[in-house]
Every structure is written in C-alpha cells, then in structure tokens.
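Chemist: First residue of the sequence shown? That's 162 in the numbering used here, and the numbers climb one at a time after it.
Errors might be hidden in some of the hints.
[What the hints assert, rightly or not] Capping the alpha-carbon separation at 20 Å, the derived lysine to aspartate or glutamate pairs in EDC-like fashion look like this:
1. LYS199 x GLU269
2. LYS199 x ASP279
3. LYS210 x ASP246
4. LYS270 x ASP200
5. LYS226 x ASP200
6. LYS210 x ASP200
7. LYS273 x GLU283
8. LYS263 x GLU165
9. LYS273 x ASP200
10. LYS221 x GLU232
11. LYS226 x GLU269
12. LYS226 x GLU236
13. LYS221 x ASP279
14. LYS263 x ASP200
15. LYS231 x ASP246
16. LYS210 x GLU283
Everything labelled a hint here was simulated from the structure, so no lab data went into it.
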Amino acid sequence: ANVELLVQSTVSAGAPLAAISKAKDSDSLSQQDASRLKDATGLMLAAEKAAALACADARKALSSKQQEAKERQREVPGFAAGLADLNGRLVAAQQTLATQRKAALHGEKLWKVQLVLDQVEERMLEV
Numbered sequence: 162a163n164v165e166l167l168v169q170s171t172v173s174a175g176a177p178l179a180a181i182s183k184a185k186d187s188d189s190l191s192q193q194d195a196s197r198l199k200d201a202t203g204l205m206l207a208a209e210k211a212a213a214l215a216c217a218d219a220r221k222a223l224s225s226k227q228q229e230a231k232e233r234q235r236e237v238p239g240f241a242a243g244l245a246d247l248n249g250r251l252v253a254a255q256q257t258l259a260t261q262r263k264a265a266l267h268g269e270k271l272w273k274v275q276l277v278l279d280q281v282e283e284r285m286l287e288v
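Build the full structure now, drawing on both the sequences and the hints.
Modeler: Spelled out as structure tokens, the structure:
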C-alpha cells in the first residue's frame, strides 16, 4: 500500500508535465515557462526516486514471502493467492512508475530545449 501511495504521489507530481506533453501545437509548447517546467520535473524525479526505492524494498519483501509460500500453503490456504495479488499490484505500480519516469525525462529535455531557445532568441535580437 505504501508503494502504491508513493507511485500515486509521483503521478500527482507529474500532472503539469502530462498537461504539457498533451499540448498539440508547438506554439503552446514554446510559450511554457522554463522555470516552471524545471520545478515540476525536479519534483517529479524526486517523487519517482522515492517510489522506485519503495518498489525495490517491496520486491525484496515479496520475494522472501514467496519463498515461504510453499511451506505456509498448507497452514494458510490463501497465502499464495494473496502473494500473487500483491505481486500483480506491485507490477502495476512499477509500470506506472516507468511511465512517469519517461514523462519526467521528457519534461527535463523540454525545459532544457526551451532554455536554449530562449538564449538563441536573445542572441538573435542582439544581431
């Protein structure tokens, strides 16, 4: 559950980037504030890092419990099924996290490109 909450916080932190990525025309994209993009990307990457660490910890714990599942299957019949459910939720969280990471990296490229474009425009005005 903690992993899912961290992944959800990553999705929330990436909302500004998702809105920018869905912009269809280049004019609306070029008018975005580079500092806003930088801040949103930084927040999203920080949230993604925390969620990725939580996913790794959850994967370790789940792996050790799966080793026990064979022994405990006789004692608790639903133990293996519960672990399978947890594994499915963890996989879904990791997939969402991978999507968010791609969006964050795209956002990082976007604000860097915007920064370069702003610098080029300033140089062109000087000429």
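Chemist: It remains to establish, for every hint, whether it holds in the given structure.
Modeler: Okay, the hints, checked on the actual structure:
no. : hint            : verdict
1   : LYS199 x GLU269 : holds (7 Å)
2   : LYS199 x ASP279 : holds (14 Å)
3   : LYS210 x ASP246 : violated (24 Å)
4   : LYS270 x ASP200 : holds (13 Å)
5   : LYS226 x ASP200 : violated (39 Å)
6   : LYS210 x ASP200 : holds (15 Å)
7   : LYS273 x GLU283 : holds (16 Å)
8   : LYS263 x GLU165 : holds (18 Å)
9   : LYS273 x ASP200 : holds (12 Å)
10  : LYS221 x GLU232 : holds (18 Å)
11  : LYS226 x GLU269 : violated (38 Å)
12  : LYS226 x GLU236 : holds (14 Å)
13  : LYS221 x ASP279 : violated (46 Å)
14  : LYS263 x ASP200 : holds (16 Å)
15  : LYS231 x ASP246 : holds (16 Å)
16  : LYS210 x GLU283 : violated (35 Å)
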